[in-house]
Each structure stands twice: as C-alpha cells, then as structure tokens.
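*Asks:* What follows is each chain in one-letter form.
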Amino acid sequence: MFVEMSKELAKEKGIRGGERVVVKSARGEVDAKAIVTDRFKPFKIAGQTVHQVGIPWHYGWVTPPDGGDSANLLTPTIGDANTMIPESKAFMVNVEKKGGK
Amino acid sequence: MEEKVMLVDVSKCTACRACQVACKQWNKLPALKTQQDGTHQNPPDLNWATWNLIRFTELPMKDGGMKWLFRRDACLHCTDPGCQRACPVPGCITKTAEGAVVIDQNLCIGCKMCVNSCPFEVPRINSETNKAYKCTLCWDRISRGLIPACAKACAMGTITFGNKDDMIGRAYARAKALGGDATVYGDKFVNGTHVMYVLPEKVRMYERMVANPSIPISLILWKDVLKPLSVLAIGATLVGTFFHYIIKGPKRPEEGGNEHG
Chain A
1 MFVEMSKELA
11 KEKGIRGGER
21 VVVKSARGEV
31 DAKAIVTDRF
41 KPFKIAGQTV
51 HQVGIPWHYG
61 WVTPPDGGDS
71 ANLLTPTIGD
81 ANTMIPESKA
91 FMVNVEKKGG
101 K
Chain B
1 MEEKVMLVDV
11 SKCTACRACQ
21 VACKQWNKLP
31 ALKTQQDGTH
41 QNPPDLNWAT
51 WNLIRFTELP
61 MKDGGMKWLF
71 RRDACLHCTD
81 PGCQRACPVP
91 GCITKTAEGA
101 VVIDQNLCIG
111 CKMCVNSCPF
121 EVPRINSETN
131 KAYKCTLCWD
141 RISRGLIPAC
151 AKACAMGTIT
161 FGNKDDMIGR
171 AYARAKALGG
181 DATVYGDKFV
191 NGTHVMYVLP
201 EKVRMYERMV
211 ANPSIPISLI
221 LWKDVLKPLS
231 VLAIGATLVG
241 TFFHYIIKGP
251 KRPEEGGNEH
261 G
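Just so you know, the protein sequences line up as chains A and B, in that order.
The first sequence runs 1 to 101 under this note's numbering.
The second sequence runs 1 to 261 under this note's numbering.
Because the hints were derived from the structure by calculation, they are not lab data.
The structure presented is a predicted model; accordingly, all values stated were derived computationally and were not measured.
Hints are not guaranteed to be accurate.
To give an idea of the interface, some chain A residues facing chain B are shown, with a C-beta separation under 8 Å as derived from the structure [stated by the list, open to error]: (1) R16; (2) G17; (3) G18; (4) V22; (5) K33; (6) T37; (7) D38.
Even glycine gets a Cβ: it sits at the ideal position worked out from N, Cα and C.
Bound-form chain B, shown alone (with noise of 0.2 Å):
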C-alpha cells in the first residue's frame, strides 16, 4: 500500500460539516451534550466523541470588512507522531502502511502522555473509559481501497485523499493558482503529515492552528536521552555489582576480631 495524503483545500469549504457528521455515522460515535459558544462552530472544541470539528473564525478587517475562515480540525497524522513517541504501551499507537496513527482503545492505559506530546494538540480523553482517542484516518476504509468518510461526504471537493506525492503536488498547484497569502501547511514540520492543508489565508489567522508545530523538546530529551542513559546506567549498575562481587567477594565480618578484641 502506497503512502497516502488527505488535502484539505479550506479554499473550497462550506462549513456544511457533512464531514463531521459522516465522521460520527462511521465511528458510531454519539452525540455529546453541548453548548452555544458565539458562533455556529459545535462542539466548542474536538472531544473524545467528535474527531474532526470545523473551527469558525471571525476576523474583522481593517477596512471595516469580514473574513469568516472555516476549516478542519482533526489528527493530521505525522510521520513522526509524537503520541507514538510518548505512549508508554507497545502497540497502543501504530501507523499503517498508509500513514495513518491509530491508537488503539484496549491497549490505552488512560496515561494522557500522547496529550501533552501531540504538536496540535488533537488526542482527548473520554473521562468515563480513560481511554484516548482522535480520528483513525478511516484506516479500516483505507486500507481496503476506499477513501475516508469525511471525504467521501464532502461535496464541495475540499477534502481529497490520494498518494502522497500526487497530493502534494495538487496542494502546491492549488496554493499558487489562489496567489496572495495561499500556502500549504503540513508537508515540512515534524517530518511531514498525512493530513495536508492549502491555507488561502495566513496560518496564523486561523483559530488554534499551530504556526511552528514540533514535538516537545521535553519528550525527545525524555525518550532520546534520558530514557537510554537510564537503561544504560541500570545495566551497568547490575554488571558493576556482578563483578564487585566476584572479585572483592562477599563482605564479611573484620577478620582479626580488632572491634571488640
């Protein structure tokens, strides 16, 4: 199976959400009980239940005009995922030949590291199961020659999924014929991601959209540095006790009785 690449041209969206909706129909997931919070974006944010959520930004111009900005927030699927990184449970995280991250809910021990270690901050936790979870990337769909449910719904063709290089390609030729502040997000940090944007506007511009996203400096010197120092000191600490034994022997009492004569 070859590499694969989702594009989200924001260029092209709606704000239908018919991608939020196809998300949840899929996965089974249920509806969560929610609140207004100023704007027509619901949920307030992605939650355990919600995998991929549409963010409404409102950003008034300084020409006393309008920019309302829509895009997809979900798992861009790095191809060098800080929750794998940081999950403490072998197999818990894994990536598929495609390039999805998927984590899997029987192995999640609820530790909350991939949470904290995630450059978008996208994993949440179901309070109830103290399990993590995000989109799959429809890994089940995917592997089998389909695409994933959310671009399968999306009628106005904002969300695209082929081979990686096929993708990038489009996003480039995409940003250059939109011109102006248009650019792609997603094929240069953290080694590239399987989930790719065409921005028309400035990233920053976008609500909670990572500028300069990178694994957290604390998890490579924790699992790159510490981690191995660590095992490395362990075992030496074993062999050095080993071979004190073996040569200075066992330790006895002072031969010669000269404490209490």
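Here chain A stands alone, though its shape is the one from the complex (with noise of 0.2 Å):
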C-alpha cells in the first residue's frame, strides 16, 4: 500500500520518500508507505493551500502477506447496494509519519 504525495506536503510533515506513514479518515486509517513525487502538485484554492495524495485500492491481505490494508477503511460508508463500491474515492486524509511528528 503506497500513498504518493507533493514534495510540498512531504516537507511540510516531514516525511521523506519510503517511509512507513499514517493516512487517517474519519472513518479508518491505513499504512502506507509514501511516494513523494513531482507529480502531485499543491492546489492555491480560495487562498488557501490544498495538497492531494493518491492512494491505490490495495494489495491484498493474502499476497503479499504485508501488503496493506483496504483504501475502503476510509472512504465514506455509503456504496452501491451489491457490492459495498464507495460512491466517492475522493475524500479528506490527514497524513502522519508512522509513530507520531
């Protein structure tokens, strides 16, 4: 499981590329291990800054045996009537790095 991220953000929070972090909902948290890349860029909306991280579904709880635990931990918990697929994959995170600042 693996959670990419603005090089802004990775600064601020102190996190370096590689390393075991926290990516916490109000619904659940996850680890995952951070990607810092250019390719995420901070947004500058009404003002403020606004950093996206992106995060896959997830890697299985069978293969790899360490592999990470469901992005649907902490999606909103309303979904298709069936199959439990989250209306939304987009949703607000808080990032930490693992063990506390």
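Two independent chains are provided; combine them into the complex using the hints.
*Replies:* Set out below in structure tokens:
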C-alpha cells in the first residue's frame, strides 16, 4: 500500500520517500509507504493551499502478506447496494509519519 | 522465414504493463519478491525472471511542468550480438532466421560474459542456478507465425511486430508525424537491432537508455585480435617444436665428454 504526495506536503510533514506513514480519515486509518513525487502539486483554492494525495485500492491481505489494508477503510460508508463499492473515491484525509511527528 | 522487427512506439504507451504480465505468463516465469523504489516501476530492474520491464521516468520541466515517460526495456535482439560474441560455449547463444537472439540455458555455464558484453546491459543471472536469462523475442511463437506475447497483449498498439523493412518504414513515418524531438532508435547501432523504438523525446531523457551503444572494445580486441593471434601462436609453437626436433634432433649430452673429462 502506498500514498503518493507532493514534495511540498512531504516537507511540511517531515516525510521522506519510502517511509511508513499513516493515512487517516474520519472513518479509519491505513498504513502506507510514502512516495514523494513531482507529479502531485499543491492547489491554491480560495487563497488556501490544499494538498492532494493518492492511494491505490489495496494490495490484498494474502499476497503479499505485508501488502496493506484496503483504501475502503477510509472512504465514506456509502456505496453500491450489492458490492459496497464506495460512491466517492475522493475524501479528506490526514497523513502523518508513523510513530507521530 | 523473413527477418522480423518489433517496433515499440513509446508515444502510445500508457504503462498498463499488460506486456510485462504477458511475458511472465507465456514463459512461465515466477514472481519474485520486490520492493517499492519510489516510482510505479516494478520490479526496480530487469532480473532473471523479468525479461520485459516498463521503466518510468519523471522529468521536471523548466516551465514547472512535468513529463512522465514510459518505455519498454527488454533485449533488443541485435544483428551483431555482443552476448553471442562473448559466449564461450558454441551453440549456447543462437540467432534465429527471424532475428531473435536466444540463450540456451541447458548449455549456459554461468560465466557472465554476456552480461558484461551487452551494449544495453540486458542479460541477468539467476544466482541459484547460475544461468543467464533474457527476452527470447518469443522465438517459439514467431517461428510458428504468431506474434510475441507482449505484442499480442498490448492494447494500445505500442508494440507491433512485422517484417523488417515494413516496420522500419512505419517507424520513420510515425517519428515524422510526431515531429519535435521524435526519433527512431535501433536501426543504426550495432548493425541494427530487431527491437526498435519510436521515441517522442530525446534518448537521454529515458531512464537507462543507452545513447551510443556499441560492443565493448575489449570484447572486439579479445575475440577478433587476441584470440586468432593466440591460436596462431600456439599452432606456430607446435609446428616450430616439431621442425626443431626433426632438424636438430633430440637434446644429447655434450659429445667428447668435455664436462667431466
């Protein structure tokens, strides 16, 4: 499981590429490896800096055994009635270095 | 069978990696434990069980923008293969009529000369079996009229396969249509290769792409100069010894006994 983030956000949070971080939302949290990249850039929205991060769905619980949990732990618990696929894949999260700052 | 060329039109690649998976599936290659290297590239490098790898290169641009480049990295199947020149086992590395360069692991002795001699740094050793492995251009498929597994799996039309002259023509037409820095890579180096690229950006922008590949000069000096001269020298020594014996006869103790009286 990995989380991609901008260099600016990584600097702000003291995160280096490859470090273990925790991605937390109001619903739950997921461990992930940080990928710091130039492909994400902070937005300036209504005068505020807004950061975007990206996570894949998950790597499974069986293979590899240390793959990581599902992104669905973070998503709003509203989804398709049959599959529970979340209605939205965009939501607010916090990203912190594992073990606190 | 005519000479074939695989064309990799990098401008169409979306890095879906169906080609990487298809190669593993067709050749029954195992998945190896890997590690995250900060990009989407996986595994980080070619290895004995990964013969085809999509390399990701992130290039920040001066204007603050970003180029994310993908390219397929695998054996280029040279017309004049450095690996074949270097291999000490006759028949271990062979070239098929279509142009595929194939290593026979049954004959491979694991000397690693092919690894050192490849201008593109392609062959990889399995440290457990001590054998060299690389892409085979699916010679088992192409010799039966099929296209390589990666070409078959590619949904974008990035990897195409056909007769040499046809593909070279298409490559140049595509490079011209793309314009800008677009070039064709592969028809000029090492007497041409059977895997060619259409590169929309300059060669040096792609990770681990060799700008001026050539067979190492040490290999040429060894195989084309030193080896024939050495064989000649050994032969001349044997012939010389034979004639010396015939002309001068065997060495005898001094006549006349002038040493011990």
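*Asks:* If a hint holds in the structure, say so; if it does not, say that too.
*Replies:* Structure-based check of each hint:
1. R16: 10 Å, violated
2. G17: 5 Å, holds
3. G18: Holds, about 6 Å.
4. V22: Check failed: Cβ of V22 of chain A comes no nearer than 17 Å to chain B, outside 8 Å.
5. K33: 5 Å, holds
6. T37: It holds, given that the least Cβ distance between T37 of chain A and chain B is near 6 Å, below 8 Å.
7. D38: Hint holds; D38 of chain A Cβ to chain B Cβ min 5 Å, cut 8 Å.
Taken one by one, the earlier hints fail for this structure at numbers 1, 4, listed in ascending order.
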